[in-house]
Amino acid sequence: MDERKRRGDRGEAAVAAALERRGYAIAARQYRCRWGEIDLIARSPEGVLCFVEVKTRSGRPMAQGREAVTPAKRRRLRDAASWYLAQTGLDCPCRFDVAEVYDQEGRRRINYMISAFF
2 MDERKRRGDR GEAAVAAALE RRGYAIAARQ YRCRWGEIDL IARSPEGVLC FVEVKTRSGR
62 PMAQGREAVT PAKRRRLRDA ASWYLAQTGL DCPCRFDVAE VYDQEGRRRI NYMISAFF
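Numbering-wise, the working numbering comes out as the position in the sequence shown, counting from 1, plus 1.
It should be emphasised that the hints constitute simulated quantities derived from the structure, not laboratory data.
Don't take every hint at face value.
Stated by the list, open to error - Ranges of calculated distance between the beta carbons of each label pair, as one might list FRET restraints:
(1) Thr71 x Arg96: 14 to 20 Å
(2) Arg77 x Gln105: 24 to 30 Å
(3) Leu91 x Arg22: 20 to 26 Å
(4) Arg5 x Cys93: 30 to 36 Å
(5) Ala73 x Gln31: 17 to 23 Å
(6) Thr89 x Arg110: 31 to 37 Å
(7) Glu106 x Arg77: 30 to 36 Å
(8) Ser83 x Glu4: 29 to 35 Å
(9) Asp3 x Glu47: 34 to 40 Å
(10) Arg77 x Glu4: 23 to 29 Å
(11) Arg5 x Asp92: 33 to 39 Å
(12) Gly24 x Asp92: 19 to 25 Å
(13) Gln88 x Glu68: 27 to 33 Å
(14) Glu47 x Ser83: 19 to 25 Å
Just so you know, even glycine gets a beta-carbon here, dropped at the ideal spot from N, CA and C.
Please model the entire structure based on the sequences and the hints provided.
What follows is the structure, encoded as structure tokens:
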């Protein structure tokens, strides 16, 4: 496994732990289907199903993580989320969140954006 994958996995684990501390229940990690991958799927304390895209950056990033969630990436996430809902038979409120994880000088900061896109 390369360092970029390990860094991404650590970022996803940090976001999952932060969500659990806030009362979210993690339903899936690294959900994959033919339409794409969803980093985290979590149920909020209010019952909303959250499809979470995690972007991890280290050092002094030139761009924010959210900038990497392009229109094409959003389309793939929507398609994968639709497939997940069809496969599970869930019919509930949903949203798409983005979590930016910044690892700088041994410190980790998470910027969590609720309903980042539709």
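Going through the numbered hints above, which ones does this structure break? Give me the numbers in ascending order. Hints that this structure does not satisfy do not exist here, as all of them hold.
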